[in-house]
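**Student:** If you want the building blocks of each chain, they are given just below.
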Amino acid sequence: MDLGGVQLTNEKKAEVMAQVRQQVAIANLQETIQKMTEKCFNKCITKPGTSFAASEQKCVAMCMDRYMDSLNLVSKTYSNRIQQEAGRIQ
Amino acid sequence: MSLMDSGLNFEDGSIASGMRVNNNNKDLENFLMLEREKAKMTAQMFEFTDICWDKCMTDKPSTRLESKTETCIVNCVDRFIDISMFIANRLTQKSQGLSDLDGLD
Chain B
1 MDLGGVQLTN
11 EKKAEVMAQV
21 RQQVAIANLQ
31 ETIQKMTEKC
41 FNKCITKPGT
51 SFAASEQKCV
61 AMCMDRYMDS
71 LNLVSKTYSN
81 RIQQEAGRIQ
Chain E
1 MSLMDSGLNF
11 EDGSIASGMR
21 VNNNNKDLEN
31 FLMLEREKAK
41 MTAQMFEFTD
51 ICWDKCMTDK
61 PSTRLESKTE
71 TCIVNCVDRF
81 IDISMFIANR
91 LTQKSQGLSD
101 LDGLD
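As you go down the protein sequences, you meet chains B and E in turn. Going by the numbering used here, the residue at position 44 of the first sequence is 44; the numbering climbs one at a time, nothing skipped. Going by the numbering used here, the residue at position 8 of the second sequence is 8; the numbering climbs one at a time, nothing skipped.
Treat the hints with care, as some may be off.
Said to hold, decoys possible - Here are the simulated SDA-like cross-link-like pairs (lysine to any residue), alpha carbons at most 25 Å apart as the crow flies: (1) B:K35 x B:Q57; (2) E:K40 x B:R81; (3) E:K38 x B:L71; (4) B:K76 x E:K26; (5) B:K35 x E:V74; (6) E:K26 x B:A25; (7) E:K40 x B:Q57; (8) B:K76 x B:M36.
Just so you know, the hints here were simulated from the structure itself, not pulled from any lab data.
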């Protein structure tokens with residue numbers, strides 16, 4: 001990684017790191033919302049009616065929670081696998 | 001990647017003299033490299049969730065993740081990784097003129 005030879009103060013570095021962390025958090029949140037909307041729309045609105053029916057709202061609410069469950073489960077499975085593969089190489 | 005095109009904004013771009021300066025940027029470089037790796041993994045995680053949700057969430061969402069769905073998601077992630085490694089290996093072998101099909105069935 002090339003920082004172009006610039007020397008940064010520790011304060012500036014901390015600022016950059018905080019900025020990066022914040023941008024990452026925002027990007028992850030946006031991705032989650034976007035995917036959740038797509039998945040739950042497809043799952044719960046099979047025939048778009050003239051209003052957002054109560055049954056559809058209930059479905060979307062549960063779908064959001066199940067999406068988060070899935071994301072967490074995938075994350076756990078993925079990191080287990082990475083550890084396994086890393087152990088195989090060593 | 002240079003720091004300047006990473007989207008980060010420095011008001012001055014230089015360091016005011018007299019301030020504490022750590023003589024190398026190693027810590028920041030390491031931080032950015034780690035963040036980049038983390039971002040790749042996060043993107044992969046979203047990708048897996050996308051694929052495995054479509055494969056495994058066949059019913060309407062209920063009050064909790066059913067155990068068959070959980071099993072399906074775990075297997076889905078593991079098989080996807082298997083396949084991507086399999087394809088990478090096989091393409092490498094093919095490019096070296098080796099045939100691996102004999103041992104497959």
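**Student:** Could you work out which earlier hints the structure fails to respect and list their numbers in ascending sequence?
**Tutor:** 4 and 7
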